[in-house]
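Colleague: Protein chains in written order, with UniProt numbering: chain A, 1 to 337; chain R, 1 to 333.
Hints are computed from structural coordinates only; laboratory data are not their basis. You can trust all of the hints, since none of them are fake.
Using C-beta positions, here's what the derived DEER-type ranges look like:
hint, chain 1, residue 1, chain 2, residue 2, range
1, R, R244, A, F130, 54 to 64 Å
2, A, P126, R, P296, 38 to 48 Å
3, R, D76, A, R256, 26 to 36 Å
4, R, V22, A, F130, 17 to 27 Å
5, R, P64, A, L139, 22 to 32 Å
6, A, L255, R, I14, 29 to 39 Å
Note that the Cβ used here is the ideal one computed from N, Cα and C, for glycine as well.
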Amino acid sequence: MRTFRFLLRRALMVIPLLVGVVFITFMLVRVGGLDPVGQLAGPTATEAEFAAIREELGLDQSLFRQFLIYAGNVLQGDFGESWLSNRPVLDDILGRAVISLELLFWGVGLGTLVGIPVGLRAAFRPNGRFDQVSRVLSLLGFSIPTYWLGLVTIFVFFYLLGWAPPAMGRISLLVSPPPTITGSYLIDGLLQANWEAARSAFAQMVLPVLCMAVIAAAPIIKQTRAIALDVLSSDPIRYARATGLPERVVRRMVLRNSGVPILTYVGTEITGLVGTMSLIEYVFAWGGLGQYGLNAISRGDFTAVQGYVLALALFSVIVFLVIDILVYLMEPRSDLT
Amino acid sequence: MSLLSVEGLRTHFISRDIDNRVRVAHALNDVSFSIDRGRILGIVGETGAGKSLTAQSVTGLLRPPARVVGGKAVFDGRELTAMSDDELNTVRGAEIAMVVQNPRTSLDPLTRVGDQLVRTHQVHSGGPVATSRQRALEMMEAVGIPDPRSRARAWPHELSGGMAQRILIAMALMNAPKLLIADEPTTGLDVTVQAQILDLLRDLVARLDMATLLITHDLGVVAHFCDEIAVMFAGAIVERGPVREVFRNPAHPYTAGLIAATPERLRSGERSVQFGGPPPDLYNLPKGCHYRPRCPFAGAACHAAPPELETTPGHRALCHFAGAFDRAQEPAE
Ligand SMILES: Nc1ncnc2c1ncn2[C@@H]1O[C@H](COP(=O)(O)OP(=O)(O)OP(=O)(O)O)[C@@H](O)[C@H]1O
Ligand SMILES: [Mg+2]
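Could you put together the complete structure from these sequences and hints?
Modeller: Quick look at the structure:
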């Protein structure tokens, strides 16, 4: 019951957040220096043509009215049409979100699965051999530019070694994609026992997922180590040692007490990684939401950019909500919220 | 034979500076004391004197870069300073129990206090869990916690400071220790609660025949609660002996200054007993007597390391002129 009340409260808190998000994305895009009218009209357009386009797009209305219209539409799930492709932005975004989430999920998942244990182990023996090696690796992961990392991986694993397929999207050109169920070729292939498609989708995914994992793991290692070191020198652990609790019990205590801050960190990191992922998507011609966003921005596709930013913000809100709930569930002192 | 005897214990912080030169902080230089069953020894000294470090060195709780580099601590016939961590873990919390300064933050925040009491009993004494539970309730009762059964289900953050300190004392008692080390057990507490906790401690020590090491800033506490006193300065016990004897005839000028500087505080129980200048630089201690730069009586002889002299039986001071320091500057015949 208490859990239910907590969930309800957290979910309700999302509403004002969303209103703010819609407003800010709306404003950002307006003041962001995009010039859709110029783009649509072309270089030879006359004043009258300009005015006509402005009117058609509703840009002659006051900013406030524009916002009300926009917010009302968003509420009804209408994100507008892409001014360049004339397709509903929402359809574009939904279709691509799955593709991006797939990459994000495996990349961050792998990065976390590696990063947390490595960080913990480094913290238990600070300045030991393991710590030093992991510190160098994580520094490397930090400092490599994303774009470059993608290109080098392709160069090494496709061009030099020939282990990976060419980086041309989510499935080999020679394999026909499975009919859509979830939108993920890998899962859809598996669900329909289309092993060829699943295999190809998997092979295409390996390199970009590895890149994402490297990018995700580096800061996770560093943060996990720092958090665990903090906990290790905290009063409860020192007192536990003073009361002669054996090392194995002490370590379990460290794990339990680091869990929440580590989880919270991973949550914030995920939302940040979405931006970085655009570049990986771009390099691997992934065709996901990130690549869509990059395209929309570079072409000044007003509604698409708006939709993209809104989708990212929505994603962040959801991630934080999920983290909050997980933290709540991990927290044994149930009267704390 | 004493329950715990510490002889010439020295602890250094050994680190390297930017130029990779070794730097040594001489945090404990010569710590010797002993304590018997049923007795309370108070260790006093200004902040940074090394009181907590002494407790940590004796119980093997030092963390790098701190290291015991000399001397030994013998507890109940066994040399603590030569034990492995695993061996020490069988002593700590069992035969030697600790009560620390920050009771509220020291308990495991994610475990109910009753479970923590049970855990320490299970780890050290084993046996059926039901027995440990029973004992936890008894110990909570013994330290004056009302309604132990419901209190056992509390989370640490739900406790007041005084209540948390009682839990820590109960925790210390779980395995019937021979030695209790209490490092400023009342510092964070209200004055009235302080007195209650100290009374409780004194009561328990007498009843359970434990030896107790009480670390404090407060000479008043020592005067009221301790049988013996050890005065620390710059990582050395500069004077030790029976409380009445030391208070009446301080044999070391530092002790004399300490007592003289705190007539008011003796009663009010105020913190901090700093007087007469800054603490010495542990990286660069003065030659000879470490107290020399601050000593109003220092003479030429004080450039040599002082011996520990016994003025009356059991009353010793680390001073060339122990018991007669006010005549230090007179020419020796
Ligand atoms: N990492 C370190 N490197 C060098 N010196 C250190 C280090 N950590 C602590 N010290 C020194 O060790 C000395 C002993 O500290 P300790 O905590 O034992 O003092 P204390 O007598 O308990 O003081 P307080 O009354 O404030 O608790 C201090 O002078 C401190 O400066
Ligand atoms: Mg201290």
